[in-house]
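Based on the provided sequences and hints, a complete structural model is requested.
Protein chains: 2
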Amino acid sequence: MSTQQSRAPERAVRVFAPATIANLGSGFDVLGIAIDRPGDVVVAHRISEPGLNFSVQTEHQDVPSDARHNVAAHVAHLMLNQLRPRFGIQMTLHKQMPIGSGLGSSAASSVASVVAVNALLDAPLPRRDLLRFAVEGERKASGAPHADNVAPSLLGGVCLIRSYDPLDVISIRVRNTIVWVVVHPHLVVRTHDARRIMPRHLPLKVAVRQWGNVGGLTAGLASGDAALVGKCTEDVVAELARADLVPGFHEVKRAALQAGAHGCTLSGSGPSMFAVASSMRAAMQISKAMTHAFARHARVPCEVYISRVNMHGARVYTIPQR
Amino acid sequence: MSTQQSRAPERAVRVFAPATIANLGSGFDVLGIAIDRPGDVVVAHRISEPGLNFSVQTEHQDVPSDARHNVAAHVAHLMLNQLRPRFGIQMTLHKQMPIGSGLGSSAASSVASVVAVNALLDAPLPRRDLLRFAVEGERKASGAPHADNVAPSLLGGVCLIRSYDPLDVISIRVRNTIVWVVVHPHLVVRTHDARRIMPRHLPLKVAVRQWGNVGGLTAGLASGDAALVGKCTEDVVAELARADLVPGFHEVKRAALQAGAHGCTLSGSGPSMFAVASSMRAAMQISKAMTHAFARHARVPCEVYISRVNMHGARVYTIPQR
Numbered sequence: 001m002s003t004q005q006s007r008a009p010e011r012a013v014r015v016f017a018p019a020t021i022a023n024l025g026s027g028f029d030v031l032g033i034a035i036d037r038p039g040d041v042v043v044a045h046r047i048s049e050p051g052l053n054f055s056v057q058t059e060h061q062d063v064p065s066d067a068r069h070n071v072a073a074h075v076a077h078l079m080l081n082q083l084r085p086r087f088g089i090q091m092t093l094h095k096q097m098p099i100g101s102g103l104g105s106s107a108a109s110s111v112a113s114v115v116a117v118n119a120l121l122d123a124p125l126p127r128r129d130l131l132r133f134a135v136e137g138e139r140k141a142s143g144a145p146h147a148d149n150v151a152p153s154l155l156g157g158v159c160l161i162r163s164y165d166p167l168d169v170i171s172i173r174v175r176n177t178i179v180w181v182v183v184h185p186h187l188v189v190r191t192h193d194a195r196r197i198m199p200r201h202l203p204l205k206v207a208v209r210q211w212g213n214v215g216g217l218t219a220g221l222a223s224g225d226a227a228l229v230g231k232c233t234e235d236v237v238a239e240l241a242r243a244d245l246v247p248g249f250h251e252v253k254r255a256a257l258q259a260g261a262h263g264c265t266l267s268g269s270g271p272s273m274f275a276v277a278s279s280m281r282a283a284m285q286i287s288k289a290m291t292h293a294f295a296r297h298a299r300v301p302c303e304v305y306i307s308r309v310n311m312h313g314a315r316v317y318t319i320p321q322r
Numbered sequence: 001m002s003t004q005q006s007r008a009p010e011r012a013v014r015v016f017a018p019a020t021i022a023n024l025g026s027g028f029d030v031l032g033i034a035i036d037r038p039g040d041v042v043v044a045h046r047i048s049e050p051g052l053n054f055s056v057q058t059e060h061q062d063v064p065s066d067a068r069h070n071v072a073a074h075v076a077h078l079m080l081n082q083l084r085p086r087f088g089i090q091m092t093l094h095k096q097m098p099i100g101s102g103l104g105s106s107a108a109s110s111v112a113s114v115v116a117v118n119a120l121l122d123a124p125l126p127r128r129d130l131l132r133f134a135v136e137g138e139r140k141a142s143g144a145p146h147a148d149n150v151a152p153s154l155l156g157g158v159c160l161i162r163s164y165d166p167l168d169v170i171s172i173r174v175r176n177t178i179v180w181v182v183v184h185p186h187l188v189v190r191t192h193d194a195r196r197i198m199p200r201h202l203p204l205k206v207a208v209r210q211w212g213n214v215g216g217l218t219a220g221l222a223s224g225d226a227a228l229v230g231k232c233t234e235d236v237v238a239e240l241a242r243a244d245l246v247p248g249f250h251e252v253k254r255a256a257l258q259a260g261a262h263g264c265t266l267s268g269s270g271p272s273m274f275a276v277a278s279s280m281r282a283a284m285q286i287s288k289a290m291t292h293a294f295a296r297h298a299r300v301p302c303e304v305y306i307s308r309v310n311m312h313g314a315r316v317y318t319i320p321q322r
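Chains as they are written, first to last, in this note's numbering: chain A, 1 to 322; chain B, 1 to 322.
For the record, the hints were derived by calculation from the structure and aren't laboratory data.
It should be emphasised that the depicted structure is a prediction, and the values quoted were computed from it without experimental measurement.
Cβ atoms here follow ideal geometry from the backbone N, Cα and C, with glycine treated the same way.
Treat the hints with care, as some may be off.
With a cut-off of at most 20 Å between alpha-carbon atoms, the simulated SDA-like pairs for lysine to any residue come out as follows [to be verified]:
hint : chain 1 : residue 1 : chain 2 : residue 2
1    : B       : 140       : B       : 64
2    : A       : 205       : B       : 164
3    : A       : 205       : B       : 205
4    : A       : 205       : B       : 144
5    : B       : 288       : B       : 299
6    : A       : 205       : B       : 167
7    : A       : 205       : A       : 241
8    : B       : 205       : A       : 303
9    : B       : 205       : A       : 239
10   : B       : 205       : A       : 136
11   : B       : 140       : B       : 188
12   : B       : 205       : A       : 166
13   : B       : 205       : A       : 168
14   : A       : 205       : B       : 195
15   : B       : 205       : A       : 144
Stretch by stretch, here's where chain A covers chain B in the computed footprint (C-beta under 8 Å, at least three residues) [to be verified]:
hint : segment
16   : 17 to 31
17   : 84 to 96
18   : 154 to 164
If the Cβ cut is set under 7 Å, some of the chain A residues that face chain B in the computed set are [as the list claims (entries may be wrong)]:
hint : residue
19   : 161
20   : 171
21   : 202
22   : 203
23   : 211
24   : 223
In structure tokens, the structure reads:
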């Protein structure tokens with residue numbers, strides 16, 4: 001018993017995994033950044049019985065509490081099945097983010113879960129090695145194992161998914177001066193639906209324009225150039241197809257630009273929208289203009305989140321044991 | 001007469017415009033860098049008779065000496081017709097680069113020409129304003145006003161053509177540590193032919209992979225990361241179509257990688273190929289392996305150029321008047 005305790009078999013952790021802005025407009029499926037808030041929380045501790053004991057606490061409807069359908073439980077199961085620790089895990093997902101927000105809600109749950117499981121292992125994996133489990137949560141949630149939300153939620157910063165086959169995620173060095181305004185209207189867009197309406201083929205000219213913008217986006221993030229980043233959020237591939245899923249999209253975008261945003265488009269597949277600002281002061285003005293436009297043109301209330309890039313990603317807090 | 005001389009009406013200039021590596025693999029039509037050598041030279045001076053008096057000096061065949069067909073004369077005409085100075089220009093193009101080399105030969109001629117004309121004006125335009133004239137040389141040469149050679153030859157450094165409509169060229173800040181190996185085999189690929197075989201449409205998945213690489217290329221250039229840049233030269237769009245135009249392509253690429261290159265593919269539309277090296281020493285090894293492979297598999301001799309990015313672009317030298 002004393003030996004067991006020195007190895008902290010009953011230790012417990014609380015993990016916060018942040019929301020993310022994927023795509024950033026032109027960087028469809030390849031770019032994502034972590035922001036400070038919102039995020040999902042997982043609390044977990046070891047139990048002697050092997051396997052997963054899973055529950056959900058949330059105010060949001062539509063969050064599956066059944067472990068078979070919840071992404072957090074799914075990825076925890078995958079990890080436990082593969083790594084086979086000699087103990088089990090009791091896990092509670094505090095689901096704070098609504099599903100279908102465009103802020104990487106499923107990614108935050110998956111990341112919080114894998115980071116929590118990892119923190120409880122005797123020999124935790126390097127954080128990057130958790131990516132392959134976390135993307136499986138995305139596959140379950142939307143049918144596609146896209147990594148542009150899970151990577152920044154897990155690793156923090158700006159992540160470039162250079163390749164999916166094999167998965168190659170690059171953390172881009174940035175000058176973290178740009179202020180990101182995120183407005184989440186009380187609407188739901190299913191990632192699955194948003195992916196289905198994407199075109200299967202692109203004219204070469206359209207693709208060239210998109211990768212010109214991706215290059216500018218990356219260069220602008222590296223140098224902290226809000227004007228360049230804003231301009232390069234221009235998305236000639238996904239925005240056209242997806243904007244119609246978000247009532248008020250065009251009016252909100254126009255309001256943001258008029259209020260001084262350097263660029264504005266969908267966060268992920270929407271309905272949340274983000275804008276690029278040069279300062280906190282500008283960000284406040286822009287967020288007001290955007291929420292006002294959503295209220296007026298879509299008749300929905302919004303949450304607003306303003307932050308620089310969250311360079312830390314998921315955070316682990318050890319909970320003192322009684 | 002003394003007043004005229006103080007305004008230097010007879011001044012003469014010599015302009016060197018450097019070769020360029022366009023595309024850099026994945027950055028088809030959007031990325032280009034200037035290198036130190038080779039390049040084209042224009043010598044020009046004012047004459048009292050308005051209009052252009054044009055001649056060519058070259059060892060290369062296929063270079064049109066007729067002013068109606070030469071890109072340098074074409075862009076000089078455009079500038080003179082639009083700006084209408086009260087004098088004319090006597091211009092000699094010293095055509096040092098072969099046509100169809102994949103090193104931006106037509107761009108170097110156009111750039112040297114517009115920079116020379118500009119240097120002779122009483123009120124020269126800002127250098128960036130010369131881009132719109134120089135791209136017209138590309139339109140004449142290949143049918144497409146692509147800017148990924150003329151921009152770096154004119155401005156130096158790494159240029160991103162973010163947009164063609166309107167033309168938006170961004171000079172990317174780079175850590176200039178990467179060494180570029182360029183091997184020019186004595187073969188000719190017509191840019192026009194190389195463009196014609198490009199696919200008109202891309203599967204979305206292919207386009208996403210390409211813009212993931214463009215993002216990595218830009219990030220790697222910004223931070224001076226040769227390994228990242230090399231990896232991201234991966235080109236899933238143009239290389240497949242164009243490699244067959246260059247005998248020995250696959251063997252030369254393999255030889256470069258085996259000799260330590262981080263990446264290797266076509267410069268522009270070929271036949272020249274470039275490789276990414278971490279040091280001058282590595283570059284020497286790589287260039288030997290590449291020329292050997294060209295000699296063995298395509299039975300052609302090569303020129304080799306090794307340099308870092310040329311941050312200056314076209315250079316103007318004033319010629320003392322007798």
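Each hint, compared with the structure:
1. For the proposed pair residue 140/B and residue 64/B, the alpha carbon gap of about 12 Å is at most 20 Å, so the pair holds.
2. Distance check on the hinted pair: residue 205/A and residue 164/B sit about 10 Å apart at the alpha-carbon level, within 20 Å; holds.
3. A distance of roughly 16 Å separates the Cα atoms of residue 205/A and residue 205/B; the hinted pair therefore holds under the 20 Å criterion.
4. Distance check on the hinted pair: residue 205/A and residue 144/B sit about 12 Å apart at the alpha-carbon level, within 20 Å; holds.
5. Simply put, residue 288/B and residue 299/B have alpha-carbon atoms about 15 Å apart, close enough for the 20 Å limit, and the pair holds.
6. The hinted pair formed by residue 205/A and residue 167/B meets the criterion: a straight-line CA distance of about 14 Å does not exceed 20 Å.
7. Restraint check: the Cα-Cα separation between residue 205/A and residue 241/A comes to about 17 Å, which is no more than 20 Å; the hinted pair holds.
8. Proximity of residue 205/B to residue 303/A is assessed by CA-CA distance (about 33 Å); at most 20 Å being required, the pair is judged violated.
9. For a cut-off of 20 Å, the pair hint linking residue 205/B to residue 239/A stands: about 17 Å separates their Cα positions.
10. A threshold of 20 Å between alpha carbons decides the hint, and for residue 205/B with residue 136/A the separation of about 19 Å falls inside it, so the pair holds.
11. Simply put, residue 140/B and residue 188/B have alpha-carbon atoms about 18 Å apart, close enough for the 20 Å limit, and the pair holds.
12. Straight-line distance between C-alpha atoms of residue 205/B and residue 166/A comes to about 14 Å, which keeps the hinted pair within the 20 Å bound.
13. With a C-alpha separation of about 15 Å, the suggested pair residue 205/B and residue 168/A falls inside the 20 Å cut-off, and the hint holds.
14. Of the supplied pair hints, the one linking residue 205/A and residue 195/B holds, its CA atoms being roughly 12 Å apart against a limit of 20 Å.
15. For the suggested pair residue 205/B and residue 144/A, the alpha carbons sit about 12 Å apart, so the restraint of at most 20 Å is met.
16. Check result for the segment 17 to 31 of chain B against chain A: holds, 6 residues qualifying (beta carbon to beta carbon below 8 Å, three or more required).
17. A count of 0 residues in the segment 84 to 96 of chain B with a Cβ less than 8 Å from any Cβ of chain A is obtained; the coverage claim is therefore unmet, three being the minimum.
18. With 5 residues having a Cβ less than 8 Å from any Cβ of chain A, the segment 154 to 164 of chain B passes the three-residue criterion, so the hint holds.
19. Annotation: interface hint on residue 161/A holds; nearest CB of chain B at approximately 6 Å, less than 7 Å.
20. Violation of the interface hint for residue 171/A is found here, the shortest Cβ-Cβ separation to chain B being roughly 9 Å, above the 7 Å cut-off.
21. Because the smallest distance between the Cβ of residue 202/A and any Cβ of chain B comes to about 5 Å, under 7 Å, the interface hint for this residue holds.
22. Interface restraint check: residue 203/A against chain B, minimum CB-CB distance 6 Å, threshold 7 Å, status holds.
23. The beta carbon of residue 211/A is positioned within 7 Å of a beta carbon in chain B (closest approach about 4 Å), and the interface hint is therefore held.
24. Interface hint at residue 223/A: satisfied, since its Cβ lies 6 Å from the closest Cβ of chain B, which is below the 7 Å cut-off.
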